[in-house]
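Chemist: Listed below are the residues making up each chain.
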Amino acid sequence: MSDRPSEVSHLDLETPEKPYLDSNELIINMGPQHPATHGVLRVILKLDGEKVLGTECVIGYLHRGVEKIAENRTYTMFNPYVDRMDYCAAVSNGLGYCEAVEKLMNVEAPPRAQYIRVILTELNRIASHQLWLGTHALDIGAMTPLFYTFRDREEILKIFEKYCGARLTTHAFRIGGCQYETYAGFEKDVQSFLTFFAPKIDEYEALLTTNRIWLERTRNVGVISGADCIALGVTGPVLRASGVKWDVRKAQPYANYSKFDFEIPVGTNGDTYDRYLVRMQEMRQSMRIIEQAVAGIPEGPIMGKVPKVIKPPVGEIYHSIEAPKGELGYFIVSDGSTQPYRLRVRPPSFVNLQALDVMVRGLLVADVVAVIGTIDIVLGEVDR
Amino acid sequence: MLTSFMSYLGSTLTPGSAGNQLWALIYVLIIFAGVSVTVICMNWLERKALAHFQVRLGPMRVGPHGLLQPIADALKLMLKEDIIPAEADQFVFWVAPLIGLLAAFTVYTVIPFGPSQAVSDMNIGILFMLGVSSLGVLGIVVAGWASNSHYPLIGALRSSAQMVSYEVAMGLAVVSAILMTSMNVSGTGTLSMIGIVQAQQQQGIWFIFKFFPLGFIAFAIFAVAMVAEVNRAPFDLAEAESELTAGFHTEYSGLRWSLFMLAEYAAMIAVSAIAVTLWLGGWMRPFPNLLHATAWDFIFSLFPGLTFGCLAAIAFIGTVRMPSHSFFKIQRIGLAAFAALLGFIALFLLLIAVVAGLSADTSLVARFNQGIGYVYWFVLKVAVFMYLFIWYRATWPRYRFDQLMRVGWKVLLPISLGVLILTAVVGVIVS
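Same order as they appear, the protein sequences are chains C and S. Per our numbering, residue 328 is the first one in the first sequence, and the count goes up by one each step. Per our numbering, residue 417 is the first one in the second sequence, and the count goes up by one each step.
Take the hints with a grain of salt, since some may be wrong.
[Unchecked claim] Mimicking PhoX-like on lysine-lysine, the simulated pairs with C-alpha atoms at most 25 Å apart in a straight line are: (1) Lys395(C) to Lys638(C); (2) Lys378(C) to Lys492(S); (3) Lys586(C) to Lys632(C); (4) Lys464(S) to Lys492(S); (5) Lys632(C) to Lys430(C); (6) Lys527(C) to Lys464(S).
[Unchecked claim] Which chain S residues face chain C? A few, computed with CB under 7 Å, are given here: (7) Ala465; (8) His468; (9) Val471; (10) His566; (11) Arg816; (12) Phe817; (13) Gln819.
[Stated by the list, open to error] Computed far set for chain C versus chain S, every beta-carbon distance over 10 Å: (14) Gly392; (15) Arg400; (16) Thr401; (17) Ala464; (18) Arg478; (19) Lys485; (20) Glu514; (21) Glu532; (22) Leu534; (23) Asn538; (24) Glu626; (25) Arg671; (26) Val678.
Please keep in mind that the hints were generated in silico from the structure rather than gathered at the bench. All C-beta atoms in this analysis are idealised placements derived from N, C-alpha and C, irrespective of residue type, glycine included.
Sequences and hints are given; from them, build the entire structure.
Modeler: Structure, rendered in structure tokens:
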């Protein structure tokens, strides 16, 4: 493993020995109001001309103290809060939280609920990747994919809306199963989405995958090795694009993912283009999972045997799932009361963002936005 | 006195060559107003076309199908607070957009819309155009510098490097076109823009097809370099929105900002006009030598009217398809009136063409073609380029700075040099 991560240090922004005007170096603030930092990320860039000498991420502009709020809410009351962390993948957040509490209470959701959960979570993964693709392409200068992806994402949001009334912050699951039975025609809607969406991925790929400018802008940009990824705790598509085959769905199967036949796409170079390809493949694999889940969805109850007042036994639990952006973990300490004693979220965006500095050193300003896009961060999750 | 005045007016239609200042002034006014109006139309067209590329509708609210949107935009920009940052160099900040605008508009003095429809027939027209259009970069650099801010500075540096490098390839491509003008009996070429089109007329071929594929390659190089020259996607690094927020005009607002936009679009039209003049036969209609019978002249003289007829039909279909809610009543009336206006123009043009075609005097059709046909074909060719600009923007991601430089210096420059040499060699062999 190289020693690069240890180089991640604070920029000496105010070194007294330096002359007042260093004509070679330029320090610019990218954000918090900037079109390409995906919200309120602030990156302080140290530049030599256009070359990036170092970066420093300043975060916290969207800090809401979600973890602290959890200590003052009952387990049920806190459930909607997790939707507001990664608001592009609210369903995944809810799944992780519900499963963590279920594990703590030692209950399990009934099979039908598990299937519904998998379908919705994988739909959400596609929606999240679509949002990533659109904004990432926009950062690199291709405007049109954004509108295509948002057009198609709408179909997923419609399914969410029909299922639980909300489009973005869905609060789709409850501790112990699902609140709502599927609506009439749910399976048909999901099926028709799959047939609708398959050619759309090809459409995105036609615009980008072999586009010369896209290749030049993404190949060998933001390269990170698998070892570096592991050292920094990077997970998700970024890790897999670097050649490490780690997906929580396969490595530590949760929900009922072990029942489905799907593959984990991995890259080789760990550059922006590989991450793009991995995510495109993941969308196709998600479609495979949804197809199997819709075909095999059983009848039965959707809520497990959960008491009205949720009071997990004294203990602690760490449970992680594969969110669209990486490993999303919940660490919950219970003191036996109705409220968690401590709740800690391991957000993939926050951990992955650490890799930014390693990835962009020595590249150009234009690559910084490309790399921010390729890491796929959501500031709601970074800051919590 | 009246007779001398009348003879002064009739002295010549190309003012530059005879020094008829009155006609020159009138042409300048027409071109200035025409280009400004075209820029406003382009604003609407770009937003509409881009929107349809991107499965959305674009402006729909201000006027029928957003037809009045550019006017609303212009009004808004004029009424906005004019901010000059406290740290900026006030005078330079003030003068920068004017430099850009001046450079963009001055190019039009040599652009021939027809053999006599030009402000001036400068004998060094193409040199003048290359020189003036490269002044445009000065406005951008000065704007970036005067803003006294980091993003504009980076944008300005990028654009100066970019424009300077692409001008080299562009210039070489232009030279190979100029070489082709000397393929006549006397062996003398010309730098005059009107002369270049006339050379294509005499040789009976558009220079894009001359010495195939040499002419085409030179044209292609120019077509790429001109996109870089006017800072449009995929070479819009100077204002790269996602990287530099707005590049060199980050600190500009209101009217000053709109002057930059005006300059950018005027420059787009200008470079397209140059490409049309040099390679696509300028004002000539397609196949002027092959299909030169009187009947063909008549058929081609119908095109302007038919084009307006098509536009009128589109507007009319839009009127019919509008929702039948009373909310849309005024909009429908407006669009119908617009369709009627276009239809009247179409009918008028068709009427003149048909009357000229049916009359015994065959010179009438030729006069119609000279008066309206030349400008029509020129504008049509330019319009194709303008559409391409929008299409590029909808399709391609943005190049990175170093890649842009590599394309400019390592790809375009050697190819254009090679084409230039080959053109010279082939020219010598053929003559």
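Chemist: Check each numbered hint from earlier against the structure, then list the numbers of those it violates in ascending order.
Modeler: Going through the list in order, the structure violates hints 2, 7, 8, 17, 18, 22, 23 and respects the others.
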